[in-house]
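K.L.:
With the hints as extra help, turn the sequences into a complete structure.
Given next are the chains, with one letter for each unit.
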Amino acid sequence: RKEVEQDPGPFNVPEGATVAFNCTYSNSASQSFFWYRQDCRKEPKLLMSVYSSGNEDGRFTAQLNRASQYISLLIRDSKLSDSATYLCVVSGGGSYIPTFGRGTSLIVHP
Amino acid sequence: DGGITQSPKYLFRKEGQNVTLSCEQNLNHDAMYWYRQDPGQGLRLIYYSQIVNDFQKGDIAEGYSVSREKKESFPLTVTSAQKNPTAFYLCASGTGGFGEQYFGPGTRLTVT
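Chains as they are written, first to last, in the working numbering: chain B, 7 to 116; chain C, 4 to 115.
Among the hints, a few may not be true.
Claimed, not checked - Cut-off 25 Å, straight-line C-alpha distance, at most; resulting in silico cross-link-like pairs (SDA-like, lysine to any residue):
id: 1; chain 1: B; residue 1: Lys48; chain 2: C; residue 2: Asp62
id: 2; chain 1: B; residue 1: Lys51; chain 2: C; residue 2: Asn29
id: 3; chain 1: C; residue 1: Lys12; chain 2: B; residue 2: Cys46
Worth flagging that the hints you see were computed from the coordinates, not collected in a lab.
P.N.:
Set out below in structure tokens:
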């Protein structure tokens, strides 16, 4: 099975800051990439898919770097409500079963 | 409203009892999955099903069983053989293939 690695953090940032997380994956044949957000004691929720060309949704930007085998999530103008754990998910490369990273914890403080 | 429901939200059982967790979806998804999450840990795959009447073991299937008799439903039974059943159980569904998954609200099982 492929491995997906994330820095667990926590990333502790003030409101308004820009913060970026990376997620590395080991299987070069991986085909689909996603970022999920999980609030404390809640289910993960899909934040965004990650396309080869990159994609942006408001304050959130996701990028894929196939050569270096990582995906990134950039959050601009951080809000208190962005505090959560961000999970990286990778699938493909011989398996339809997605592999979840352990998550990166973000704490945005006033 | 389309979505995934899990019930109950909290469940308490005595050691040695089997317990069944419910998962229902009306998203018309072919694939369904069961995960377990322990405090401070990532998601671990218990069982998955890509189509009705078919399912496969995930990474930690021992002590668990499932059925997939209907497209909408994928119940998970935690048997007395599961050594450490206390955990947060999450059900997900998706279109299968390399697509995204959508999660239910989860069931917190406590076994004493």
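K.L.:
Evaluate each hint against the coordinates.
P.N.:
Each hint, compared with the structure:
no. : hint              : verdict
1   : B:Lys48 - C:Asp62 : holds, 22 Å
2   : B:Lys51 - C:Asn29 : holds, 17 Å
3   : C:Lys12 - B:Cys46 : holds, 15 Å
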